[in-house]
Amino acid sequence: MHNRVRVQTTINGEPQEFLCEPRQSLLECLRDILGLTGTKEGCNDGNCGACTVLMDDRVVTSCLVLGVEAQGSQITTIEGIARGSELHPLQRAFLENAALQCGVCTPGFIVTAKALLDREPNPSEEQIRLWLANNLCRCTGYDKIIRAVEQAAQEARA
Amino acid sequence: MKTQEYSVIGTRPIRHDGADKVTGRALYGADFQMAGLLHGFILRSPHAHARIRRLDTSKAAAFPGVKAVMTADDFPQVPERLVDLGEGDTPLSYARGNVLAQGKVLYRGHAVAAIAATSVHVAEEAADLIEVDYEVLPCALTAPDAMREGAPILHDDLKTKEFGEQTSRVSNVAEHFRHVMGDIDAGFAEAEITVEREFNTATVHQGYIEPHNATALWNNDGRILVWCSTQGAFVVRDVTACILDVPVSRVKVTPMEIGGGFGGKIPVYLEPVAALLSKKTGKPVKIVMSRKDVFEGTGPTPGSYIKVKIGARKDGRITAAQAFLAYEAGAYPGAMVGPGAMCVFAAYDIANVVIDGFDVVVNKPSTAAYRAPGATNAAFATETVVDEIAEKLGMDPLDFRLKNAAKEGTRRADGPKYRRIGCVEVIEAMKKHPHYAAPLGGPNRGRGVAVGFWFNVGLPSSCTISVTADGTVNLVEGSTDIGGTRTSIAMQAAEVLGIPAEDVRPTVVDTDSVGFTAVTGGSRTTFATGWAAYEAAQDIVRQMKERAAKLWETDAASVTMERGVFRAADKSITFQELAAKLDQTGGPVVGRGAVNPRGVGGSFSGNIVDVEVDPDTGKVTILRFTAVQDAGKAIHPSYVEGQMQGGSAQGIGWALNEEYWMNGSGTMMNSSLLDYRMPTALDLPMIDTVIVEVPNPGHPFGARGVGEANIIPPPAAIANAIYHAAGVRMDRLPMNPPAIMEAIWKQRD
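Residue numbers (the numbering used here), protein chains in the order written: chain A, 1 to 158; chain B, 1 to 749.
In case anyone wonders, no lab produced these hints; they're calculated from the structure. Where a beta carbon is used, it is the ideal one built from N, C-alpha and C, also for glycine. Some clues are possibly wrong.
[Stated by the list, open to error] Some but not every residue of chain A turned toward chain B, in silico, with C-beta under 8 Å:
1) 37
2) 110
3) 136
Using the sequences and the accompanying hints, generate a full structural model.
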């Protein structure tokens, strides 16, 4: 057994401590140690975006971050997006626009889109496409995802 | 029922599994956890073709943390027989041999041995200690290569089946078949223009975002429990049972949520291995593929060599058509050239046709279905040639297609005669669309069109529905939901019961808990499982009428039901009110539906696409894209549009970027999602959709499966657009910048 390292973080607003092997990615820590399986693995090399989380408000692919690197940081995962029992406007917009089919890329898209809207409340279609190029979806052709983000942005401004 | 009378069909309710999927709560296969779980890893071949001289796992087995190691020799060696892999029968030795290689490896990535350990990292480290001595053999990587005299032979026991007869010829051609209709020579003699072209298309992958996964527990009562992401839980059950040589009732498969499939999650790769590792260790074993494993070890769709020749009269009538289709099956026979041959001229009414199909094994991963498998390759060829003839005749390409379009009564060369189909309506909708008349708006731009056809396969589906006292119902079904089918199926039950879609709660259950249900594939789920739900709901209505009759002390035959209200004489009661009275009228009400529809229907699809070709780099930009498809009756229009947009995006990727880029020794050089370049949000425009509704005579609501036909036209439509933009006729996929530049330079010379 490899020596484990104690890591202290804040995840979805709650202080969270865990032990991990130095070689384990943040993605593994979230999924296998903390049971936060909403963050998905699609490629494990930073190219699909299914494992996207926010780390101190930066968009990161958690498969490319080591668990030990999360020491002292604030992490937001898909499990932390809804406001209690209320869906986040982005989550609602994804449902109303049928912006998911299989749904496995959806957590990553919602996390990336949230980071975009937090920075730019009124993004153009081009800006949305540029930001979401971080995330691969093989089911939807992106059309309904773009529209969902546009709708969520509009509602947030209203 | 008339269209306008529907109250649920055609509306756009929120999907039932939606909240779970936008909050991260939905559990996919890799999310499955269990106490005592061990993690598996599969060692794969570094060679495309090699004999395994020696395989020694002893050092790996002794590595700390390793609990078990296995190879193909651990599988029971049972007599050869055919097993149903979900989309056709295959010899058991092939199915088993693809799960773990025996004696020989047939492609790079072929599974050789498996390890169960306390963590995936330990298993991966231990895999390095497995010693394999390979005798590397020459490989054959394309259909023309493998068909050549003296080509390396993959299977010493594979003898060509020709025109339905088994020959004694050992070769890489598993099968050569031919469809003949009319008199091909007379047809070409009548033609005033004939165009013949050759095409090559690269191997491409389905590209689902979720890698394959399976967890298995060989329980202490001898039952094998499996949790996995699959398009067909019953197929996994049956194939796992066959490979492990146990009765099917010993295996229970629980389908977890699935992160995309597109045909690629029908084959069984991991489940029998996880099960046997569990038997050896007494613990549950989970195996999750890496992305590289997915590319190198799971079914891509065939690369192909295609020759198409079409002749027409000057008035625009096609007189003859001939096709030669050689598809790469990968390591084991089954290249989906059959459906390719059925679809190659499926959009047209042609009197004289010859189609030759070749199923050719090559040293690449064993191919699997991919959305309308076989049809996209074929349509790329046909629709390009059709476009060229229309241009040479000076006819509008849609008018030329309309003049030759298949319709009710048209016979395809492979035999069947169409019942009511929507080919003409789809082409007319394309013609009418403002996109078709819009100005291109700049230089180096061109517009292309193409059409495609795909079936509804039918196959068995089962459902049960039970009525709840609050007037809602629980619907139990066996179809994996990949794209919103819980809802499209529930809506069909809701329509019959006269209750809102939200009042039907659909659940996809394990193989112990519902009747046999075939794969989510073949554009069949909304069509066939929806039909089973329709039947189960009809069963509920019948029983509820009896309950109302009992309440009113009348005859059940005198009770009617419309929009959820039961009536007899002057009495009436709503579905909800009656549901509250089940206890006093005889107890629970449970309905059942089990169907095995024949594949009546099928869907036509068409694209209009505008591209800009950069004359200096060969880069193609998709400026505008319109997808038209016949849905028969769109049950949930948003998800119909979603299928059309998704299929279009995959078709665009296939057309422009995607390919297995192989080196000469059969190694895929781009086995990551960085280098296997699937379209991103930035690569695509909005994808406009037009749903055409020509009701399917073979479905209670007229629905046609819409999952597949939409991927067929994009490569051809884009090729035609490229021609009109840059003046070059593309004859290979992908049409990436090097291919375009090569064509442009060749034309300049």
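Hint by hint, here is what the structure shows:
Given the 8 Å rule on beta carbons, the hint for residue 37 of chain A holds: about 4 Å separates it from the nearest Cβ of chain B. At its closest, the beta carbon of residue 110 of chain A sits 6 Å from a beta carbon of chain B; the interface hint therefore holds under the 8 Å criterion. Contact between residue 136 of chain A and chain B, as hinted, is supported at the beta carbon level, the nearest pair being about 6 Å apart and thus within 8 Å.
Checked against the numbered hints above, the structure breaks none of them.
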